[in-house]
Amino acid sequence: RLGELELDDTEDVSLDFGNEEELALRKAKIRHPLATFFHLFFRVSAIVTYLFCDWFSKSFVACFVTILLLLSFDFWSVKNVTGRLLVGLRWWNQIDEDGKSHWVYEAKKVPSNLAASTEVEARIFWLGLIICPVIWTFFFFSTLFSLKLKWLALVIAGISLQTANLYGYIHCKLGGQKSISKVTSRFLSQQMFQRVSF
Amino acid sequence: MAAAEEGSGHGGVAKPLFAGLSDVSISEDIPVEGEITVPMGSRSPDEDYSTLDEPVKDTIMRDLKAVGKKFVHVMYPKKSSALLRDWDLWGPLVLCVSLALMLQRGAVDSKEDAGPQFAEVFVIIWFGAVVITLNSKLLGGTISFFQSLCVLGYCVLPLTVAMVVCRLVLLADTGTIGFIVRLIVVIAMFGWSTLASTAFLADSQPPNRKTLVVYPIFLFYFVISWMILTFTP
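Protein chains in written order, with the numbering used here: chain A, 1 to 198; chain B, 1 to 233.
Treat each hint with caution, since some may be false.
The calculated BS3-like cross-link candidates involving lysine-lysine, where the alpha carbons are at most 27 Å apart (straight line), are [as the list claims (entries may be wrong)]:
no.: 1; chain 1: A; residue 1: 100; chain 2: B; residue 2: 210
no.: 2; chain 1: A; residue 1: 173; chain 2: B; residue 2: 57
no.: 3; chain 1: B; residue 1: 57; chain 2: A; residue 2: 108
no.: 4; chain 1: A; residue 1: 108; chain 2: A; residue 2: 29
no.: 5; chain 1: A; residue 1: 108; chain 2: A; residue 2: 173
no.: 6; chain 1: A; residue 1: 29; chain 2: A; residue 2: 173
Going by beta-carbon spacing under 7 Å, a handful of chain A positions derived as facing chain B [claimed, not checked]:
no.: 7; residue: 61
no.: 8; residue: 65
no.: 9; residue: 80
no.: 10; residue: 142
no.: 11; residue: 150
no.: 12; residue: 153
no.: 13; residue: 156
Since the hints were made in silico from the structure, they are not lab data.
Think of the CB as a built atom: it goes at the ideal place given N, C-alpha and C, for glycine as much as any other residue.
Let the hints inform the model, and build the full structure from the sequences given.
Structure (structure tokens):
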């Protein structure tokens with residue numbers, strides 16, 4: 001009987017080295033380098049241009065248009081490209097035949113293939129998503145109090161575009177099961193307890 | 001077999017139609033075969049995820065084509081679901097920025113800051129559109145907030161064309177004839193904008209409120225036309 005369990009001499013035994021590209025991809029910390037770059041590029045350029053616009057150009061109009069275009073490209077790329085590539089989430093607005101509009105939030109089921117995103121990418125994504133609206137809110141107050149009101153429209157546009165993406169992706173992440181306010185309050189109370197018990 | 005049963009039924013007392021069939025038995029040798037098909041739902045869940053993995057160029061081209069299609073629909077206004085259902089705000093942004101750029105007064109030559117005029121036009125267009133949308137929603141309109149912004153923004157296209165024409169005319173002739181030409185062009189484009197936007201928006205309102213909705217749109221495009229007409233370089 002043992003003979004039957006042994007491999008026939010003519011059978012092929014394949015040695016599986018694995019596709020070398022696949023192995024490299026498996027080990028890589030960042031699988032979508034272009035997407036990661038662009039996710040941060042537009043946001044950071046908009047902030048940098050706003051801070052140093054006097055150095056770049058004397059014209060208010062040129063700065064305004066440049067920052068506005070950067071913010072719009074950032075909004076589009078984060079909403080349509082980097083979200084689904086880096087964290088597998090997506091949100092959009094859909095209008096039915098009877099004219100009702102509703103917002104759809106989609107999350108990719110956990111994939112195990114090589115195109116899945118890594119932890120590093122996800123961390124970069126969320127950090128970029130959260131920090132920038134905070135910076136723009138800070139700009140809002142500084143513009144308001146220094147009375148440079150001609151920039152106010154731009155800052156408000158920046159805050160709304162970036163906060164819209166932030167809100168949309170948090171909604172996707174939560175999967176619409178719990179309300180955002182409940183999760184935020186629970187998170188904040190956890191943070192408070194951790195600090196108090198220190 | 002069934003026919004024979006029916007035949008015997010006719011001759012005698014009228015029996016209920018299928019009474020004899022209870023005696024009919026199917027021989028076990030006859031194979032019973034057939035198909036049971038369950039009609040598939042129109043969209044399986046996997047189809048929705050197909051655009052989740054598409055390459056970026058596809059996304060860009062798709063969005064650009066959608067924007068271009070909407071521009072065409074504005075120039076030839078007829079019932080189109082493209083403007084209403086697949087709204088986007090890229091067209092309005094481009095139109096608003098180009099109109100604001102063209103409405104600057106002598107920014108290139110003078111040392112004065114052209115800032116206020118640029119931001120003014122911007123704020124007028126966006127704030128005006130938001131106010132009209134709120135107005136139509138308060139009057140009970142069924143259209144959504146962003147849909148309305150989309151339509152109002154895209155319908156600024158004829159006025160942007162009027163601005164281009166006006167600037168060209170001003171390069172050639174700043175006298176009375178030039179003014180009359182500009183007046184005619186602006187009035188024509190203003191009419192076109194207002195008609196195009198009411199064609200899309202008025203349907204979503206109850207019939208007795210149509211005038212209440214059309215009037216702010218009229219005012220909005222009137223203000224923009226006024227800015228275009230009174231522009232001097």
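Here's how the hints hold up against the structure:
Annotation: proposed proximity of residue 100(A) to residue 210(B) holds, straight-line Cα distance about 20 Å (limit 27 Å). For the hint pairing residue 173(A) with residue 57(B), the CA-to-CA distance comes to about 26 Å; that is within 27 Å, so the pair holds. Annotation: proposed proximity of residue 57(B) to residue 108(A) holds, straight-line Cα distance about 21 Å (limit 27 Å). Distance hint between residue 108(A) and residue 29(A) is fulfilled; the C-alpha atoms sit about 20 Å from each other, no more than 27 Å.
Note on residue 108(A) and residue 173(A): the hinted pairing holds, with a Cα-Cα distance of about 10 Å set against a maximum of 27 Å. With a CA separation close to 22 Å, the supplied pair residue 29(A) and residue 173(A) stays within the 27 Å bound. Hint on residue 61(A) holds. Least Cβ distance to chain B is approximately 5 Å, under the 7 Å limit. The beta carbon of residue 65(A) is positioned within 7 Å of a beta carbon in chain B (closest approach about 6 Å), and the interface hint is therefore held.
Satisfaction of the interface hint for residue 80(A) is found here, the shortest Cβ-Cβ separation to chain B being roughly 5 Å, below the 7 Å cut-off. Given hint, residue 142(A) at the interface with chain B, is violated; its Cβ is 18 Å from that chain's nearest Cβ, farther than 7 Å. The beta carbon of residue 150(A) is positioned within 7 Å of a beta carbon in chain B (closest approach about 5 Å), and the interface hint is therefore held. Annotation: interface hint on residue 153(A) holds; nearest CB of chain B at approximately 5 Å, less than 7 Å.
Taken as an interface hint, residue 156(A) does not check out: its beta carbon lies about 10 Å from the nearest beta carbon of chain B, beyond 7 Å.
Comparing the model with each numbered hint stated earlier shows that hints 10 and 13 do not hold.
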